[in-house]
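Peer 1: Order-wise, the sequence lines are chains P and A. Here my numbering runs 11 ahead of the position in the first sequence, where the first position is 1. Here my numbering runs 11 ahead of the position in the second sequence, where the first position is 1.
Quick caveat, the hints were computed from the structure, so don't treat them as lab data. Keep in mind it's a predicted model, so treat the numbers as computed, not measured. Errors might be hidden in some of the hints.
You can't tell identical chains apart in this list, so a pair holds if it fits in one copy or across any two.
Lysine-lysine pairs mimicking DSS-like chemistry, simulated, CA-CA at most 27 Å apart [unchecked claim]:
| # | residue 1 | residue 2 |
| --- | --- | --- |
| 1 | Lys228 | Lys77 |
| 2 | Lys40 | Lys81 |
| 3 | Lys180 | Lys66 |
| 4 | Lys157 | Lys113 |
| 5 | Lys32 | Lys180 |
| 6 | Lys189 | Lys157 |
| 7 | Lys228 | Lys113 |
| 8 | Lys180 | Lys64 |
| 9 | Lys189 | Lys74 |
| 10 | Lys242 | Lys40 |
| 11 | Lys66 | Lys189 |
| 12 | Lys40 | Lys189 |
| 13 | Lys189 | Lys81 |
| 14 | Lys228 | Lys157 |
| 15 | Lys189 | Lys64 |
| 16 | Lys157 | Lys180 |
| 17 | Lys157 | Lys74 |
| 18 | Lys228 | Lys66 |
| 19 | Lys120 | Lys228 |
| 20 | Lys180 | Lys77 |
| 21 | Lys228 | Lys64 |
There are 2 protein chains.
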Amino acid sequence: MNCIIASTSTVHGSNYLAYLKEALEELYKDVSEIIFIPYARPGGISHDEYTQKAKEGLAFLNKEVKGLHKFEDPAEALQSAQALFTGGGNTFLLVSQLYNQKVLTPLKKAIESGTPYLGTSAGSNICGLTMGTTNDMPIVYPPSFKTLGILEFNLNPHYLDPDPTSTHKGETRETRIKEFHHMNAMPVVGLREGSWLRVKNNDIILEGGLNARIFEKDEEPYEVENGTSLKDLE
Amino acid sequence: MNCIIASTSTVHGSNYLAYLKEALEELYKDVSEIIFIPYARPGGISHDEYTQKAKEGLAFLNKEVKGLHKFEDPAEALQSAQALFTGGGNTFLLVSQLYNQKVLTPLKKAIESGTPYLGTSAGSNICGLTMGTTNDMPIVYPPSFKTLGILEFNLNPHYLDPDPTSTHKGETRETRIKEFHHMNAMPVVGLREGSWLRVKNNDIILEGGLNARIFEKDEEPYEVENGTSLKDLE
Chain P
12 MNCIIASTST VHGSNYLAYL KEALEELYKD VSEIIFIPYA RPGGISHDEY TQKAKEGLAF
72 LNKEVKGLHK FEDPAEALQS AQALFTGGGN TFLLVSQLYN QKVLTPLKKA IESGTPYLGT
132 SAGSNICGLT MGTTNDMPIV YPPSFKTLGI LEFNLNPHYL DPDPTSTHKG ETRETRIKEF
192 HHMNAMPVVG LREGSWLRVK NNDIILEGGL NARIFEKDEE PYEVENGTSL KDLE
Chain A
12 MNCIIASTST VHGSNYLAYL KEALEELYKD VSEIIFIPYA RPGGISHDEY TQKAKEGLAF
72 LNKEVKGLHK FEDPAEALQS AQALFTGGGN TFLLVSQLYN QKVLTPLKKA IESGTPYLGT
132 SAGSNICGLT MGTTNDMPIV YPPSFKTLGI LEFNLNPHYL DPDPTSTHKG ETRETRIKEF
192 HHMNAMPVVG LREGSWLRVK NNDIILEGGL NARIFEKDEE PYEVENGTSL KDLE
């Protein structure tokens, strides 16, 4: 596999995808065309608008970028794709569309066969075993929470440390993940904004310069440093 | 109906349920026993532990408090209950349990027949048409997102205004609700911590001293003041 699985598309003070520029030049170096999966529709924008945004964000690469929604047979398009990118937005909507368009398995097969893949936010969430650790609102009811399972664990993108000064009584991210582990066994990687997982050469390396926070069932959460391999986490 | 539908069980700097003391004395004045629904299991605590917490929080009332999980026939227990309280926690877990225990309809009937009902957080969320505007993590897959429909709209408990100083790129609550309205038509009431809806005498009044924020599809969100009736919101 050959993937960049990123916490976010955008970091504070920077343009869309800009912080990933060098990593994306390397990921996509051998391809001339990238198929963009716009199903997560951030803020409810249309598939066309979202594809346009991806085109602009990837313009520095000088590659063709096509929206998956434009293909008559999206499963076939994934199978013959040179490279892929799934953007963020709402994970419930993304997963519903992947099921409804019958492309979950073709997408998994394409990634497993080595097609370069970029996921950001919701597009990263779906690389885990389930979408059970998304932060998103359940705006639609998907046929299942099961996702690609490219990774042997789950992801929590946009991972946010508890704010010790907060007076808000809603659950912290850490509390939510603890609740997840009362009902589920797989580890969860809390991926902070600016981090990504580089899946390549049978390894999974934490990149981007930051620590990640690992949650395992019935254990205290712990930090791993930039450069750590997560390939044995399961 | 005779309900208190509260954003949160606890406000900053105060004990569990303490800010609702007077409202609960009035709600439960004619009953000697309250059945507590512990299914949402905040932080993954057990049904027994959670019921104990509810007992302690309601001790000032001097009423019996029994956990619904202790009844052999929970549907029958709801039907014959004098009063009800559903605590907060994880809405996905709560809704799954309501379906699995086949008590969603009996609970709705009990509330509609006038049984005094307190909901906090997840226990309030289920009073809306769907759980589609919960803030919780999808830790289990419920059979449906459809909930009690005691209200003709949806609720967003623990409503949180966007933080203009935040550098975090995850979606704000307002963005999430906007995404919800791309897929759903019903209004959403953003209920701030410290607010509750008093459902009584065929009216629904915002109480607790704060404004609430109302989101309607294809309209700008707007504020309503404490004391406003929401009975015509649909």
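Peer 1: Would you mind marking each hint as holding or not holding in the structure?
Peer 2: Hint check results:
Taking the shortest Cα distances, Lys228 and Lys77 never come within 27 Å of each other, neither inside one copy (40 Å) nor across copies (31 Å). In this assembly of identical chains, Lys40 and Lys81 lie within 27 Å of each other by CA distance solely inside one copy; the values are 24 Å within and 62 Å between copies. For the homomeric pair Lys180 and Lys66, the shortest alpha-carbon distance between copies (20 Å) is at most 27 Å, but the shortest distance inside one copy (40 Å) is not. In the homo-oligomer, the alpha carbons of Lys157 and Lys113 lie at most 27 Å apart both inside one protomer (14 Å) and across protomers (25 Å), since each shortest distance falls under that limit.
With identical chains, the CA atoms of Lys32 and Lys180 are at most 27 Å apart between copies only, with a shortest distance of 18 Å across copies and 38 Å within one. In this assembly of identical chains, the alpha carbons of Lys189 and Lys157 lie at most 27 Å apart whether taken from the same copy (19 Å) or from different copies (25 Å). Taking the closest pair of Cα atoms, Lys228 and Lys113 never come within 27 Å of each other, the shortest separation being 32 Å inside a single copy and 30 Å across copies. For the identical chains of this complex, Lys180 and Lys64 are inter-copy neighbours only, at 17 Å across copies versus 36 Å inside a copy, given an alpha-carbon limit of 27 Å.
Taking the shortest Cα distances, Lys189 and Lys74 never come within 27 Å of each other, neither inside one copy (42 Å) nor across copies (32 Å). Taking the shortest alpha-carbon separations for Lys242 and Lys40, only the intra-copy value of 24 Å comes in at or below 27 Å, while the best inter-copy value is 59 Å. Proximity of Lys66 to Lys189 under the C-alpha cut-off of 27 Å is restricted to the inter-copy arrangement: shortest distance 24 Å between copies versus 38 Å within a copy. In this assembly of identical chains, Lys40 and Lys189 lie within 27 Å of each other by CA distance neither inside one copy nor across copies; the values are 40 Å within and 37 Å between.
Taking the shortest alpha-carbon separations for Lys189 and Lys81, only the inter-copy value of 25 Å comes in at or below 27 Å, while the best intra-copy value is 40 Å. In the homo-oligomer, the alpha carbons of Lys228 and Lys157 lie at most 27 Å apart inside one protomer (19 Å), although the nearest pairing across protomers, at 30 Å, exceeds that limit. Taking the closest pair of Cα atoms, Lys189 and Lys64 come within 27 Å of each other only across two copies (19 Å); inside a single copy the shortest separation is 36 Å, beyond that limit. Only between protomers do Lys157 and Lys180 lie at most 27 Å apart by alpha-carbon distance; the minimum there is 25 Å, versus 30 Å within a single protomer.
When the C-alpha separation of Lys157 and Lys74 is checked against a cutoff of 27 Å, the pair qualifies neither within a copy, at 32 Å, nor between copies, at 44 Å. When the C-alpha separation of Lys228 and Lys66 is checked against a cutoff of 27 Å, the pair qualifies neither within a copy, at 40 Å, nor between copies, at 29 Å. Taking identical chains as interchangeable, the C-alpha atoms of Lys120 and Lys228 are never at most 27 Å apart, the minima being 29 Å within one chain and 38 Å between chains. Only between protomers do Lys180 and Lys77 lie at most 27 Å apart by alpha-carbon distance; the minimum there is 25 Å, versus 43 Å within a single protomer.
Only between protomers do Lys228 and Lys64 lie at most 27 Å apart by alpha-carbon distance; the minimum there is 24 Å, versus 38 Å within a single protomer.
Hint violations for this structure: numbers 1, 7, 9, 12, 17, 18, 19, all remaining hints satisfied.
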